[in-house]
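As they're listed, the protein sequences go chains A and B. Heads up: the first sequence begins at 16 in our numbering, then just goes up one per residue. Heads up: the second sequence begins at 35 in our numbering, then just goes up one per residue.
It is possible that some hints are incorrect.
Calculated lysine-lysine pairs in the DSS-like style (CA-CA distance at most 25 Å, straight line) [said to hold, decoys possible]: (1) Lys114(B) / Lys104(B); (2) Lys68(A) / Lys104(B); (3) Lys114(B) / Lys99(B); (4) Lys126(A) / Lys155(A); (5) Lys100(B) / Lys114(B); (6) Lys137(B) / Lys155(A); (7) Lys114(B) / Lys155(A); (8) Lys93(A) / Lys68(A); (9) Lys93(A) / Lys126(A); (10) Lys78(A) / Lys68(A); (11) Lys106(B) / Lys78(A); (12) Lys106(B) / Lys68(A); (13) Lys102(B) / Lys68(A); (14) Lys102(B) / Lys114(B); (15) Lys78(A) / Lys93(A); (16) Lys78(A) / Lys102(B); (17) Lys106(B) / Lys93(A).
Cβ-Cβ distance ranges computed for the label pairs, FRET-style [to be verified]: (18) Ala119(B) / Ala73(A): 16 to 24 Å; (19) Tyr47(A) / Met140(B): 43 to 51 Å; (20) Ser46(A) / Arg92(B): 38 to 46 Å.
Since the hints were derived computationally from the structure, they do not count as laboratory data. Just so you know, even glycine gets a beta-carbon here, dropped at the ideal spot from N, CA and C.
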Amino acid sequence: MFRAALRLSVSGARSLTRSRPQYTASVAARSYSHGKQETDEEFDARWVTYFNKPDIDAWELRKGMNTLIGYDLVPEPKILEAALRACRRLNDLASAIRILEAVKDKSGPHKEIYPYVLQELSPALSELGIPTPEELGIDKA
Amino acid sequence: MLATRSLVRGLQSGFWRRVSTSSAAWAAHTHDVDVIDCSIPQYNNRLDTPLPDVPFVRNLSAEQKKLKEKEKGSWTQLTKEEKLALYRLTHELSYAEMRQGSKEWMTVLGGIFIFLGFTGLLVWWQRIYVYGDVPHTLSEESMAQQTQRMIDMRVNPVHGFSNKWDYEKKQWK
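Isolated chain A (complex conformation) (with noise of 0.2 Å):
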């Protein structure tokens, strides 16, 4: 048990060390105190191989959305990029926008992540031509 928890602030230490904000670095999903600790890179990898399906089903791009909501961590800008990539496939611009506004919800008081998220993002969000909230005003009630 003990091992366990310290295996979590060793691996939480050295994504510390990495020069971007920590915040969206992701802490393995599943902590066991005996068998492999899942990376923060291998954890992000599995989720881009997830969205970047090329024939990916509307229930699989929301099961995956929500479940990765549920998880202690802000995705990384990379795993939200495939999965927009995945809403223009599904042709879905609601999910689209709905992703970003969760990410901002699940920085919560961490009001430096959202900025940076679509700071990174704005590439894909110009080509595919995804409005921020903010752009379609629905950041305020």
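Model the placement of chain B on the given structure of chain A, informed by the hints.
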């Protein structure tokens, strides 16, 4: 024995059949209530579920269907209003609207104070019209005599009552 069984059967056919009618069929007779079919996926507004199971608007008008067709093309061709309309077709409330909260707490607090005040009035009326007189031992004269007796008895002389009375000067310290 047979009579009771037929009685139960009669009850079942008459009374229970009506009660056990499915809600959808029942609503076909009475038109008061909106029937929500809980056996199929429903729309919900939840912060932790960004993409609900079904879109908010299921039955699209012709104009909305045209918009949906346009969505299949490049999204850069859509105007801002069209993008907003597409969002509102699929979602009832935005995250900001979900988080909004209301002013209901003021109503609740006001109601609490009103009822507390009303109760206070009742208690006051009760004090005046229901309670009898207090005992005569609470009169000024009686209390003075009682206090004098307590001083003479040296009630709580160490830290308490009599400790506060100066016995030389015959006054309170």
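Quiz item: For the pair Tyr47(A) and Met140(B), does the Cβ-Cβ distance stay inside 43 to 51 Å?
Solution: Once the Cβ atoms are compared, 50 Å apart, the range 43 to 51 Å for Met140(B) and Tyr47(A) holds.
Quiz prompt | Pairwise hint evaluation, Lys155(A) against Lys114(B), where the allowed Cα distance is 25 Å at most | solution = Status holds; Cα separation ~16 Å.
Self-check item: Outcome of range test on Cβ distance (Ala119(B), Ala73(A); 16 to 24 Å)
Solution: holds, 20 Å
Quiz item: Would the pair Lys78(A) and Lys102(B) pass a check requiring their Cα atoms to be no farther apart than 25 Å?
Solution: holds, 22 Å
Practice problem: Given the hint that Lys114(B) pairs with Lys99(B), test it: the Cα-Cα distance must not exceed 25 Å. | Solution: Answer holds: Lys114(B) to Lys99(B) is near 17 Å, not above 25 Å.
Quiz item: Is it true that the CA of Lys106(B) sits at most 25 Å from the CA of Lys68(A)?
Solution: Judged against 25 Å, a Cα distance of about 19 Å means the pair holds.
Exercise. Take a quick look at whether Lys114(B) and Lys104(B) sit within 25 Å of each other, Cα to Cα.
Key: holds, 13 Å
Quiz item: Straight-line Cα separation of Lys93(A) and Lys68(A) no greater than 25 Å?
Solution: holds, 14 Å
Quiz item: Lys106(B) and Lys78(A): Cα distance at most 25 Å?
Solution: Cα-Cα ~22 Å, so holds.
Quiz item: Is the hinted pair Lys102(B) and Lys114(B) satisfied, with a Cα-Cα distance of at most 25 Å?
Solution: holds, 15 Å
Quiz item: Under the criterion that the straight-line Cα-Cα distance not exceed 25 Å, is the pair Lys93(A), Lys126(A) satisfied?
Solution: holds, 19 Å
Quiz prompt | Satisfaction of the hinted span 38 to 46 Å by the C-beta atoms belonging to Ser46(A) and Arg92(B) | solution = About 41 Å separates the Cβ atoms of Ser46(A) and Arg92(B), which means 38 to 46 Å holds.
In terms of the numbered hints stated before, the structure departs from none.
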